[in-house]
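Chemist: Chains as they are written, first to last, in our numbering: chain L, 1 to 171; chain A, 1 to 72; chain X, 1 to 296.
Wrong hints could be hidden among the right ones.
Said to hold, decoys possible - Straight-line distance between alpha carbons at most 20 Å, and here's what the computed PhoX-like set of lysine-lysine pairs gives: (1) X/Lys-25 <-> X/Lys-42; (2) L/Lys-39 <-> X/Lys-139; (3) L/Lys-35 <-> X/Lys-139; (4) X/Lys-25 <-> X/Lys-38; (5) X/Lys-26 <-> X/Lys-40; (6) X/Lys-253 <-> X/Lys-70; (7) A/Lys-52 <-> A/Lys-2; (8) A/Lys-5 <-> L/Lys-154; (9) L/Lys-39 <-> X/Lys-42; (10) X/Lys-41 <-> X/Lys-26; (11) L/Lys-105 <-> L/Lys-95; (12) A/Lys-5 <-> A/Lys-71; (13) X/Lys-25 <-> X/Lys-37; (14) X/Lys-40 <-> X/Lys-25; (15) A/Lys-71 <-> L/Lys-119.
What the hints assert, rightly or not - Distance windows between CB atoms, simulated: (16) X/Gly-244 <-> L/Arg-53: 51 to 59 Å; (17) L/Ala-50 <-> X/Asp-143: 23 to 31 Å; (18) L/Arg-53 <-> X/Leu-126: 29 to 37 Å; (19) X/Asp-143 <-> L/Glu-74: 49 to 57 Å; (20) L/Ala-54 <-> X/Gly-125: 27 to 35 Å; (21) X/Arg-118 <-> L/Ala-54: 56 to 64 Å; (22) L/Ala-60 <-> X/Arg-118: 35 to 43 Å; (23) L/Gly-76 <-> X/Gly-125: 52 to 60 Å; (24) L/Ala-50 <-> X/Thr-289: 32 to 40 Å.
No lab work stands behind these hints, which were simulated from the structure alone.
Glycine residues also receive a C-beta, built at the ideal position from the N, C-alpha and C atoms.
Each chain, written out:
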Amino acid sequence: MESLGLDITKVPIDLVLNLLNIVLLFLIVRTLAYKPIRKFMDARTERVNAEARAAGEKAAEAEKLKAEYAALLENGEAVKQAQADEARKAADAEKDRILAEANAKAAQIVREAREQAQKEHDEALGAMRQDVVDLAFDISEKLLEHSITDDDTKKLADRLFDSRVGGEESA
Amino acid sequence: MKTAKIVCAPNVSDDAYAYICARFARRFGAEAFERETDAQLLGGFVVLFDGKVYDMSLRTQLSALRADCEKE
Amino acid sequence: MNIVTGIKLAASAVVFVVFLVLWCKKRHDTLSEPDPKKAKKKRRLPFFGMVISAWFFVACVVNLVTGGPKGISLELEMFSPRVQIGPLSVARTTLTAYVLMLVIAVLCVLFRVFAYPRFRDEPKGLQNALEAAVEFIDKFTRDTAGDLSPALPAYMFSVAVMLIGCAASELLGQRPPTSDLLFTFSLALCTFFLLNYYGVRKKGLFGRVKSLASPSPMIMPMRMLSDVAAPVSLACRLFGNMLGGMIVMDLLKNSLGGYAVGVTTLAGLYFNLFHPLIQTYIFIILSLTFIREATE
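With the rest of the complex left out, here is chain L:
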């Protein structure tokens, strides 16, 4: 070994010093560099995973809400449709009722108008008849007043005395 330039008695000291060097280096690098970097990376990974988990939960919740809202929307459509149908039915019924009412009123008005017209016609007719009658009687009175003879008067007397009719009580 001496021919190679190695003093065998000094080997253990070199080995020990080198081993100590390696151990010290390991402790320094681990404490000051490796562990902090590892800790930072793990914390960041955990943070990202937590955010991803939260995002996943939020996405699942959003999906659930979306499904609920879709169902509600579908139901809402059905309800809306049913309500629309009901409203339509009610509107139709109301329309029919109003129409019937209007028709009835119209019929009544027509009937009343006809009745009124009839009444007025009858009244007019009656009035006219009355006028005719009055006129006829007026004319008759005038004519008879001047045309009545004694014979007519005697005939009247005969009628009175020949019939069995009694006189009326005087007022």
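Got chain L; can you put chains A and X on it based on the hints?
Modeler: Frame of chain L; chains A and X shown alone:
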């Protein structure tokens, strides 16, 4: 004395009056007659006797006829 | 300075100037060239002419200063010369290793104080490089040896830092500690200790001994010998490779003299950068493989 009042239209002559009196007396037994003229009667006569009225006036006839016509 | 050297210096200077003028002229002529690649191609020849003549000139100056090439023979000591520090006589390479350790320690402190507080979620620059290195060592250790302990990747990381530092020390004219068998043997002894430690921790002492005797107790001596040979092979492999690289570089420097300017730089890219990295990788992967074998 049973007196009958005879209300005549102006166009009733005396002859007709007398006829009426005669017939009334015969029928109802009236003994005396009063004559009254009423232009409203138009023709014929009305007798008032013993609380009864015997209306044979033209007016009443016409009124009855008118009433019948109106009733129709 | 003799006439030949003077002529060499003058000629190289003149050639350099000629090529410089040519290069300037080509540059001026190609200003209006629409294709930049074509323009660059036209300037290539004068540029290389300049580089070679400049190199020759510098080599002549260096030879003048240093006395020229020393020949193809080299005097090398197998083991590092020793230095007396008080009562202790230590190898020079051990001293270099300690200086390296101090330098690395200072760098770690500077990192911890200045760089680490500025770490951000989106890494850039130094943070990116360090995170990549840590991530790589971590994954590499876990994939090769399994998840034995968090200290193992940290140890491999510090070994890698030390070996790269040793290669860098050669650039500063020092004999790298890895070219000293005693240093590489210390590293290999650590690996030997670790493989037995993890082996015993995983299987228990009896289990570790039993694994040496499987499949048959007859082969136990051979198994024990191969376990002992592991650190020896590690040490000798690293030592031999690093010493060989150092010898090649020294031979180049001695034989070329001044003409080694630039040549040793190019050779150093391999022997002082690429080669040590390969040896670091081999040392770490073999250490982890031995540890895995001891724990299986």
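Chemist: It remains to establish, for every hint, whether it holds in the given structure.
Modeler: Against the structure, the hints come out as follows:
1. The hinted pair formed by X/Lys-25 and X/Lys-42 meets the criterion: a straight-line CA distance of about 11 Å does not exceed 20 Å.
2. Taking the CA atoms of L/Lys-39 and X/Lys-139, the gap is about 15 Å. The hint holds against a cut of 20 Å.
3. Restraint check for L/Lys-35 and X/Lys-139: satisfied, since their Cα atoms lie roughly 15 Å apart, inside the 20 Å limit.
4. The hinted pair formed by X/Lys-25 and X/Lys-38 meets the criterion: a straight-line CA distance of about 15 Å does not exceed 20 Å.
5. Pair hint X/Lys-26 plus X/Lys-40 holds up; C-alpha atoms about 9 Å apart against a cutoff of 20 Å.
6. For the proposed pair X/Lys-253 and X/Lys-70, the alpha carbon gap of about 9 Å is at most 20 Å, so the pair holds.
7. The hinted pair formed by A/Lys-52 and A/Lys-2 meets the criterion: a straight-line CA distance of about 12 Å does not exceed 20 Å.
8. Annotation: proposed proximity of A/Lys-5 to L/Lys-154 holds, straight-line Cα distance about 17 Å (limit 20 Å).
9. Under the criterion of a C-alpha separation no larger than 20 Å, the hint pairing L/Lys-39 with X/Lys-42 is inconsistent with the structure, at around 55 Å.
10. At roughly 10 Å between alpha-carbon atoms, X/Lys-41 and X/Lys-26 fall within 20 Å of each other, so this suggested pair holds.
11. About 15 Å separates the Cα atoms of L/Lys-105 and L/Lys-95, which keeps this hinted pair within 20 Å; it holds.
12. Between A/Lys-5 and A/Lys-71 the CA atoms are separated by roughly 32 Å; this puts the pair beyond 20 Å, and the hint is violated.
13. Proposed proximity of X/Lys-25 and X/Lys-37 is supported: the alpha carbons are some 17 Å apart, at most 20 Å.
14. Taking the CA atoms of X/Lys-40 and X/Lys-25, the gap is near 13 Å; set against the 20 Å cutoff, the hint holds.
15. Restraint check: the Cα-Cα separation between A/Lys-71 and L/Lys-119 comes to about 17 Å, which is no more than 20 Å; the hinted pair holds.
16. Take X/Gly-244 and L/Arg-53: their Cβ atoms lie about 54 Å apart, and the range 51 to 59 Å holds.
17. As the Cβ distance of L/Ala-50 to X/Asp-143 is approximately 26 Å, the hint placing it in 23 to 31 Å holds.
18. Range check, L/Arg-53 to X/Leu-126: Cβ separation about 31 Å, and the 29 to 37 Å hint holds.
19. For X/Asp-143 paired with L/Glu-74, a C-beta distance near 52 Å keeps the hint of 49 to 57 Å intact.
20. The given range of 27 to 35 Å is respected by L/Ala-54 and X/Gly-125, whose C-beta atoms sit roughly 30 Å from each other.
21. For X/Arg-118 paired with L/Ala-54, a C-beta distance near 27 Å fails the hint of 56 to 64 Å.
22. The hinted window of 35 to 43 Å between L/Ala-60 and X/Arg-118 holds, with their beta carbons roughly 37 Å apart.
23. Between L/Gly-76 and X/Gly-125, the C-beta spacing of about 56 Å keeps the proposed range 52 to 60 Å intact.
24. At about 37 Å, the CB distance of L/Ala-50 to X/Thr-289 agrees with the hint of 32 to 40 Å.
Violated hints for the displayed structure, listed by number in ascending order: 9, 12 and 21.
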